[in-house]
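> One letter stands for each residue in the lines below.
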Amino acid sequence: MLTKTWFEIGRYWKFMKGLFVKPEKFIVYYRQVMHELVSIGVGALGIVALTSVFMGAVITLQSAYNLVNPMVPLYAVGIVARDSIILEFSPTIIMLVLAGKIGSSIASEIGTMRVTEQIDALEIMGINSSGYLTLPKIVAGLLICPFVVIISMFLGIIGGWIAGDMSGIVPSADYIRGIQDQFLPFNIVFALIKTLVFAYIITSVSAYHGFHTDGGALEVGQSSTKAVVYSSIFILIFDYILTQLILA
Amino acid sequence: MIKVDHIYKTFGEKTVLDDVSCTFETGKVNLIIGQSGMGKTVLMKCTVGLFEVDKGAVYFDGRNFSEMNFKERKPIRQEIGMVFQGGALFDSLTVEQNVMFPLNMFTHMSQEEKLDRVNFCLQRVNLVNSNKLFPSEISGGMKKRVAIARAISMNPKYLFCDEPNSGLDPKTSIVIDNLIMEITQEFGTTTVVNTHDMNSLTEMGEKIVFIYKGKNYWEGTFEELEMSDNPELIDFVYASKIMKSMRKH
Chain F
1 MLTKTWFEIG RYWKFMKGLF VKPEKFIVYY RQVMHELVSI GVGALGIVAL
51 TSVFMGAVIT LQSAYNLVNP MVPLYAVGIV ARDSIILEFS PTIIMLVLAG
101 KIGSSIASEI GTMRVTEQID ALEIMGINSS GYLTLPKIVA GLLICPFVVI
151 ISMFLGIIGG WIAGDMSGIV PSADYIRGIQ DQFLPFNIVF ALIKTLVFAY
201 IITSVSAYHG FHTDGGALEV GQSSTKAVVY SSIFILIFDY ILTQLILA
Chain W
1001 MIKVDHIYKT FGEKTVLDDV SCTFETGKVN LIIGQSGMGK TVLMKCTVGL
1051 FEVDKGAVYF DGRNFSEMNF KERKPIRQEI GMVFQGGALF DSLTVEQNVM
1101 FPLNMFTHMS QEEKLDRVNF CLQRVNLVNS NKLFPSEISG GMKKRVAIAR
1151 AISMNPKYLF CDEPNSGLDP KTSIVIDNLI MEITQEFGTT TVVNTHDMNS
1201 LTEMGEKIVF IYKGKNYWEG TFEELEMSDN PELIDFVYAS KIMKSMRKH
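In order, the protein sequence lines correspond to chains F and W.
Just so we're aligned: 21 in this note's numbering is position 21 of the first sequence, and the numbers increase by one with no gaps anywhere.
To get this note's numbering, take the position in the second sequence, counting from 1, and add 1000.
Just so you know, the hints here were simulated from the structure itself, not pulled from any lab data.
Yeah, the Cβ is synthetic: ideal placement off N, Cα and C, and Gly gets one too.
Any given hint might turn out to be false.
Unchecked claim - Partner residues are not named here, just some residues of chain W that face chain F (Cβ under 8 Å, in silico):
1. R1073
2. P1102
3. K1207
As the list claims (entries may be wrong) - Pairs of lysine-lysine, DSSO-like flavour, derived with a Cα cap of 27 Å:
4. W:K1114 x F:K22
5. W:K1071 x F:K14
6. F:K17 x W:K1114
7. W:K1045 x F:K17
8. W:K1074 x F:K25
9. F:K4 x W:K1014
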């Protein structure tokens, strides 16, 4: 078990080392990055929007439900909802959702290329296959995920506002006051740092699992599952580490 | 000429290639034949560097390919075209983009020049009006032809075909075999074909290497094969009723 873990860690670092070499042709990589930006970013917007609006609504309603003390002003619900969404929900939960969507897609795409010898075809041509297939995905993930998370923050806060106002639990004026009160811009910076780390984890871990698929269709499915599971685990571990390092 | 010099390859405890030496001659179709699981594909993959050999060396026109690192191998790799068993076409690219792919990566040709070259290669494999189709929209035989077109797009010196007829009907197989022969003669490539199809053997076997239990059991021309009394080779080549009846005659 321990030997296998060390083997996987070693192989992952070797794989990473192979990515950062000079591209065969910069323009081809650039086009790939543009393609991945659409695939990773635009492709995920629907699920991100839906999750964000409803999670924002639920966070607001639950915060209001728990803050029943008359000593606590109603606008505190806005503060709690805003900070929960910015600090934890958007960068972590949304990236966990993306780990499922993007991670499985990357692993199955590269895994299928492996079992159908498309990766061998790249290598025969003299192309650094790991770099060609993975680097554009990592770069695109790093570029687009912060925007996706910012959109999620915005939609989450809007969702909370709509839910509070529609249910009559948190009036609009209190909610808007709450989301503006004691706002720390650094929280956004912290959330974006986390997003960048998580984006790197999702794209690199998923590509690694896809690239080292061995066998057939069954193994492609297994790689896809592994990609999601390991990406999620590492996101949670690094969430704790980054919070400890930056906020504690 | 490609020279395979005393190569060994093991996977775990299993020795797949055991001291294999052979030569693949320039301007000829060199066939690697043998039963499934005897090491044909491993020999081909070791030759092109997809598997690293444990011992021994592979020489491409005197250049020791096995000793080179990834960067040093690049110029030789660009002289290699390979047709994989399943075609290995890129699913997300059209036929045209597949054939154009190596040109995009390694040449500075203009878009027009690249299109001309792609159309020439596709015409050469008798594929017209298929440029905009995706691999999922074409038949198995067409996929093989696109794979051949992609393999020859960079004017390769060495052409490798891994079971080019697998999954094809006998008529289409003959078309593919003839195409490989014509390309070999036309471009003077060193062509290596991995097969266990006896039709291919009779159609295009100029130089034959018979792999049995990971060893080069027999090597020679088609005429020499017909005269051979090597029991394993005879057992393999004349396994089918058709081939047995051919031998009687």
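> Holds or violated: the hint that W:P1102 contacts chain F, with Cβ atoms closer than 8 Å.
At 5 Å from the nearest chain F Cβ, W:P1102 passes the 8 Å test, so the hint holds.
> Would you check the hint for W:K1114 and F:K22, treating anything up to 27 Å between C-alpha atoms as holding?
OK: W:K1114 and F:K22 at ~24 Å, within 27 Å.
> Is the hinted pair F:K4 and W:K1014 satisfied, with a Cα-Cα distance of at most 27 Å?
holds (21 Å)
> Straight-line Cα separation of W:K1074 and F:K25 no greater than 27 Å?
Holds, at about 14 Å.
> Assess, step by step, whether the Cα of W:K1071 is no farther than 27 Å from the Cα of F:K14, and give holds or violated.
holds (16 Å)
> Is the Cα-Cα distance between F:K17 and W:K1114 27 Å or less?
violated (33 Å)
> When you check the alpha-carbon spacing of W:K1045 and F:K17, does it fall within 27 Å?
holds (24 Å)
> Regarding the hint that W:R1073 lies at the interface with chain F, is the smallest CB-CB distance below 8 Å?
holds (7 Å)
> Does the closest beta carbon of chain F sit nearer than 8 Å to the beta carbon of W:K1207?
violated (22 Å)
Hints 3, 6 from the earlier list are contradicted by this structure; the remaining hints agree with it.
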